[in-house]
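Novice: The listed protein sequences derive, respectively, from chains A and B.
Sequential numbering from 79 applies to the first sequence in our numbering.
Sequential numbering from 450 applies to the second sequence in our numbering.
Quick caveat, the hints were computed from the structure, so don't treat them as lab data.
Treat the hints loosely; a few may be bogus.
Claimed, not checked - Here are some chain A residues pointing at chain B (derived, C-beta under 7 Å):
#1 A108
#2 L214
#3 I415
Said to hold, decoys possible - Example chain B residues on the side facing chain A (calculated, C-beta under 8 Å, incomplete):
#4 G453
#5 L503
#6 A516
#7 A536
#8 F553
#9 V700
#10 S704
#11 L722
#12 I727
In this text, a Cβ means the ideal position worked out from N, Cα and C, and glycines have one as well.
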Amino acid sequence: MIGDDSKSQQQRPHARQGGASDRVLSFLKAHKALLIFAVFLGVMPVWAEPIASTIHLDIVLVMRLVGVFTIAAVGLNLLIGYAGQVSLGHSAFFGVGAYTSALIAVKAGFPVWIGIIMAILASALIGLLVAPVLRLKGHYLAMATLGLGIIAFVFMREMTWLTGGNLGVTSIPELSLPGVPKNDISEFYIVWIIALIILAFCSNLVRSRTGRAIRAIHQSDVAAAAMGINVSWEKIKIFMLSAALGGLAGGLYAHLQGYIDPNLFYITLSIQLVAMVVVGGMESIWGAVAGAGLLIFLPKIVETLPRWIGPGVPKPIADYSNYEGIVFGLILVLAMIFMPSGITRGLSDLVRYRRSPFINPFKKQAVE
Amino acid sequence: MANGLANGCIYILLAMGFNIIFNSTGIINFAQGEFAMFGGLFAYTFSSALGLPLFIAVILAILITAAIGGVMERAVIHPLRHANVIAAIIATIGASIFFKAIGFLFWPNEAYKVLDFTTGNLSLPRVTVSRQFLWVFGLTILSVTLVYFFFNKTKAGKAMRACSINRQAASLVGINVSRMSLYAFILAAALGALAGLINAPFAKYSIGLFLGVKGFTAAVVGGLGNTFGAVAGGLALGLSEELITGFLTIVLGVSTGYQEAVAAILLILVLLLRPQGILGKGIVEKV
């Protein structure tokens, strides 16, 4: 992390002096991993579509959702991983985004993309309105945001005149661009182009002044304030950004699914998002991708396992929903105990410092 | 009104569970509601399904849930005793999801009827209350008294309070901090189980999160870590839920579904306006 910082600072003045082509070149240099990932995604439909029926799993279809949850998880990682503010209420922003976008498209009849922009704005606005909870710390903040999630859920369910209550909103138009055929593959590309832009933006953000400020707040907000950082404003900014990304993800999700109801945006969603951040890796942009990928793919793979094995699997085992929670709960607990820095941090530390991924780099000092 | 009081009693029991664990380990146990779920479902299984006498069923349910609490402390909390707050939060959330899934696996139905301790109503001058309500009330008072005496009169209780004040100093004077944490989880799980099994009439696998949020709200409203605060917070929450919902439905004519949001709104307001709770003392934070 520190090595990256100094490198980008060395490059930046150079990039500013140079022309447009230099700037593009330095951007590409700074985001090599992102480019490799983009190429990997670009060719994914080519190899994934033909094998979809053989392995009973449409990877492209699942990857659309991974893209959506990556956006939400990267936003939440800025808040939890970088700024150290735990939010258990991101289902609220996700839900607000989904409902805003869906209702603008379905009831008001506006184009999809206007709905999605409004979703981002609405979530950021809600984020600003509830920003006073950022005064709280640790458990208290977690519980207060959990309360926000519950309140948002209750309002989504009870404001039937607007949201349709438990019946939800149906026949939401799908994502489309003019001149592009409407199908799963084009949706996959749209979602991932947005997700990659967000990833590039966030990996730049965490190396910027704001990024350093929020990491300072994570260490100690008193020390950060003493260094001249406006702690409450930085927290509000990052919270609003995180909320806006949640809203964007929610908006995309509504159009991908074509149907939403309040139960999709219950606290379990918040917990899933937090799990993506934590299991993927805190303080890591790639952690969000890894976490979203793992937690979205895992249930799908377990669901298809019986089909790979054949018809001999007993029904209670074949029905994944029976023990989904057991697997999920165990992953959370075991990840916290054995790999508290998450998959990406654990593996990169293994490579970079030859350190076991099972050591906790965030371990508290014995003497406080 | 009696309904609000009965709910309040259940919130008191849950809030005390939160307090005990918070005091001895400094973490909030998100699985507290799941202890209540286990209490209710075990009581159902032993009394209605296996046909044991209700008294024995209740004792068994509490003991088994207490054992689950102890196992959870050893398996989840003990390895994380040096970890940071976020890790502890996520781990207890993971435990709560795990417990809920176990509940769903063994008790997949929507709801199970737990028998009343004694059925029927009791007619007092002017009011009629159900006998179950008296049981709820009596058992809550008994538990609060026992917990109070435990913390103030017994050696183990005093040791636990010492841990809450300063864990390092406590361990320097010879208190086994890690064992105190184990005792705290066992005690909190037992209280949670009691709350769950008197939470008549129904027990179901999905009740945990709902009760957990209510219990935490009660603990915060009263002042986190304070036994009598839990009593005040639980009663305040139970009654205000009843009153506010009544006000919303009768005066404003909106749906009762908003009741679920009352506790959450109260929680946020108290956290923002009076974070030390009704009975708490001011918090001074050292840097």
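Novice: Against each hint, give a clear statement of whether it holds in the structure.
Specialist: Tested hints:
no.	hint	result
1	A108	violated (29 Å)
2	L214	holds (6 Å)
3	I415	holds (5 Å)
4	G453	violated (19 Å)
5	L503	violated (30 Å)
6	A516	violated (18 Å)
7	A536	holds (5 Å)
8	F553	holds (7 Å)
9	V700	violated (17 Å)
10	S704	holds (5 Å)
11	L722	violated (10 Å)
12	I727	violated (16 Å)
Going down the numbered hints, you'll see the structure goes against 1, 4, 5, 6, 9, 11, 12, while the others check out.
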